[in-house]
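Whole structure, please, built from the sequences with the hints as guidance.
The listed protein sequences correspond, in order, to chains H and B.
First residue of the first sequence: 229, per my numbering; consecutive thereafter.
First residue of the second sequence: 1190, per my numbering; consecutive thereafter.
Just so you know, not all the hints are guaranteed correct.
[To be verified] Below, a list of computed lysine-lysine pairs in the DSS-like style, where the Cα atoms sit at most 27 Å apart:
hint: 1; chain 1: B; residue 1: K1260; chain 2: B; residue 2: K1294
hint: 2; chain 1: B; residue 1: K1212; chain 2: B; residue 2: K1294
hint: 3; chain 1: B; residue 1: K1235; chain 2: H; residue 2: K280
hint: 4; chain 1: H; residue 1: K280; chain 2: B; residue 2: K1284
hint: 5; chain 1: B; residue 1: K1294; chain 2: B; residue 2: K1203
hint: 6; chain 1: B; residue 1: K1294; chain 2: B; residue 2: K1235
[Unchecked claim] Here are some chain B residues the structure puts well away from chain H; computed CB gaps all over 10 Å:
hint: 7; residue: A1196
hint: 8; residue: K1203
hint: 9; residue: E1207
hint: 10; residue: K1212
hint: 11; residue: A1219
hint: 12; residue: N1231
hint: 13; residue: V1239
hint: 14; residue: I1252
hint: 15; residue: T1264
hint: 16; residue: A1266
hint: 17; residue: L1271
hint: 18; residue: Q1301
Because the hints were derived from the structure by calculation, they are not lab data.
From the three backbone atoms N, C-alpha and C, an ideal C-beta is built for every residue, glycine too.
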Amino acid sequence: MRPIETRYALSGEVRIAYQVVGQGSLDLVFVPGFISNLDLHWEDEGYTRLLKRLSAFSRLILFDKRGTGLSDRVDVHHLPSLETRMDDVRAVMDAAGSGRAALLGASEGAPMAMLFAATYPERTRALALYGGYAHFHKWVMSPERLNAFIATADTAWGTGATLPNFAPGRVDDIRFSTWWARFERLSASPTAAAALARMNAEIDVRGVLGAIGAPTLLIHRRNDVRVDPDASRFLARNIPNARLAEIPGRDHPIWTGDVDRVADLIEEFLTGACAVAEAERVLAVLLVTRIYDTARLGDRMWNERSQRFQETWRTLVGRHGGRCVDMRGETMISRFDGAGRALRCAAALREAAQQIGVSSAQGVHVGEIELRGPPSGLTGRVTMRLATHAGRGDILASRLVADLATGSGLHFTDAGRIGVDELDEPLALVLAMSEQHLEPACRPKAKATEPACLTTRESEVVNLIADGKSNATIAAELRLSEHTVKRHVANILLKLDLPSRAAAAAFSARHAGSDGPS
Amino acid sequence: MLTKTQAVNGAAIKKAIEGRDGKMLASFYADDALVRVIDRNNPPSKPREVRGRAAITTFWDDICSRAMTHKVDTTIADGDNLAFTQACAYPDGTKVFCAAMLELKNGLIARQTVVQAWDE
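What follows is the structure, given as structure tokens:
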């Protein structure tokens, strides 16, 4: 996206940075919460989505409050009053040529927007307040909690340490938490952040609510962690022409959680027309990772390991440029832009599962999915089917995924076909190999070697090789010496006429699915 | 009302737009008129639609509340079809350019398509 031009409005002697996006007939001023940075917003997917949605039907006017983001800094010893900050909205509207605008106040921006609506009724077309409140200590934080928050900001500002206070649901999202840390650093200095928090703590606009004449929409997430939903219920009772929409969710920032739900409500409120249902579909590679207990660990140990794996899953998916989109019990779904990334992530997850001591089975498929929400369409169902069909340690992918990963250096072996009810033809499958080796990418079934020629012990060993385990690990699991395992491996390769361990792994998968050649 | 009797033609539209007269502009439309806006954020396959005189009145009220200049340059009339271009500027220098095609029915605007682009 082309960078949006940032301009500066003069409010008294202070420069207020603002941007104007879109050219809808209606002006909409977004009054941000605690901190903001006009440039950084466009680097977050959720923020961009929100701004894109709002600017599709309005001329959206964005600004950083004085003391934050790209606007002039303020003297932290002489903090501006809420009235002064509210007047910055007017200055920005004047500069942007907006005579009358709807105001969207989010979080701390809500009291500012309310004060504006009460002060300039002729310039307020409507008021949309998200996660707002009229009195800080009553609905956001008690003085004790505020002091603890300021202490955190004082010692760890810029590290993203405040994220759990705002969006606990995104703490494990590495990309977002990294962005949040930058958001802190680029939106306010540590001293300014503490001063802003103290300044916000003085907010009490309960006295002006009755003077708000503009039609008002209140939106609040039912389990908002930052601002008590009772805050909006109070506003609904005290603002004359207000309507409250409580929606599911607990993350507080307006650009997190179900952003589209919030945008739908605002659009319908301001334009009178329902947002056009937009089933946006994108091409994506899905990876379904299933873990299960083959070692009879017992509930406690299994829970510990399962949890550990889930944490690792989040980290590895983020590290491979993917996104964690859904988790159903021991089944995890992630989404990637490229086949190679998804497969490398699957290989890393397989290794992690081995180290943690759980069994994994994974499926990878590519197709169109709905941009919103967890993938529920055909692509999601097919990928789930592959993960269910995959044996222990397998990364079972559709042939299409392998074709897309051509040139990535990844290797595959043919894994037959699988019938899927909703597809006209059975789906061609491959097994992804995590190691580089010298055999052909797709080894034909040249030898009519039967698994039956292996002894029971050799079959056990070949199954564990298929899980990608080292000789040392196999030795430990089967209570043999490493030397004996080496001998078994050599015998297996000799009997099956195979060139490598990876080929033996592929042989194992080819012949038996989940139970291996027994 | 005087505005009701104003004939809808290029000159009347130019006067109303340049004078930011939202009431006058709204009076030019038929009750069931449709305005379609196509721009970067509202592509041709999903244009923004403003239906009916009430919504169109709000549409023009919003636009006319802006402290900006409008200049209607070219107006072409052909039977019940009318076209014009419009150059607009905000106080901070941002420019907008629109081209509009109109279909008249019984002397009122029944359908209007606006294509616009702007500085951002």
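Quick rundown of the hints versus the structure:
For the given pair, K1260 of chain B sits about 25 Å from K1294 of chain B by alpha-carbon distance, which is consistent with the 27 Å threshold. Between K1212 of chain B and K1294 of chain B the CA atoms are separated by roughly 20 Å; this keeps the pair inside 27 Å, and the hint holds. In summary, the hint linking K1235 of chain B to K280 of chain H is supported, as the alpha carbons are separated by about 15 Å, within the 27 Å threshold. Distance check on the hinted pair: K280 of chain H and K1284 of chain B sit about 20 Å apart at the alpha-carbon level, within 27 Å; holds.
Simply put, K1294 of chain B and K1203 of chain B have alpha-carbon atoms about 19 Å apart, close enough for the 27 Å limit, and the pair holds. For the suggested pair K1294 of chain B and K1235 of chain B, the alpha carbons sit about 25 Å apart, so the restraint of at most 27 Å is met. With a least CB separation of 25 Å from chain H, A1196 of chain B remains clear of the 10 Å interface cut-off, as annotated. Remark: the non-interface label on K1203 of chain B is consistent with the geometry, its nearest Cβ contact in chain H lying 19 Å away (cut-off 10 Å).
Against the 10 Å criterion, E1207 of chain B stays outside the reach of chain H, whose nearest CB is about 16 Å from its own CB. At roughly 15 Å from the closest C-beta of chain H, the C-beta of K1212 of chain B stays outside 10 Å, upholding its exclusion from the interface. Consistency note on A1219 of chain B: stated as away from chain H, and its beta-carbon is indeed over 10 Å from all of that chain's, at 19 Å minimum. At roughly 6 Å from the closest C-beta of chain H, the C-beta of N1231 of chain B falls inside 10 Å, breaking its exclusion from the interface.
With a least beta-carbon separation of about 8 Å from chain H, V1239 of chain B fails to lie farther than 10 Å from that chain, contradicting its non-interface assignment. With a closest Cβ-Cβ approach of about 5 Å to chain H, I1252 of chain B is found to fall inside the 10 Å limit, against its non-interface label. For T1264 of chain B, the shortest C-beta to C-beta distance to chain H comes to about 21 Å, beyond the 10 Å cut-off, and the non-interface label holds. Taking the minimum C-beta to C-beta distance to chain H, about 25 Å, the non-interface status of A1266 of chain B holds against the 10 Å cut.
Non-interface status of L1271 of chain B relative to chain H is upheld: no Cβ of that chain comes within 10 Å, the nearest being about 20 Å off. Distance to chain H confirms Q1301 of chain B as a non-interface residue, since its nearest Cβ pair spans about 13 Å, more than 10 Å.
When each numbered hint is compared with the structure, violations occur for hints 12, 13, 14.
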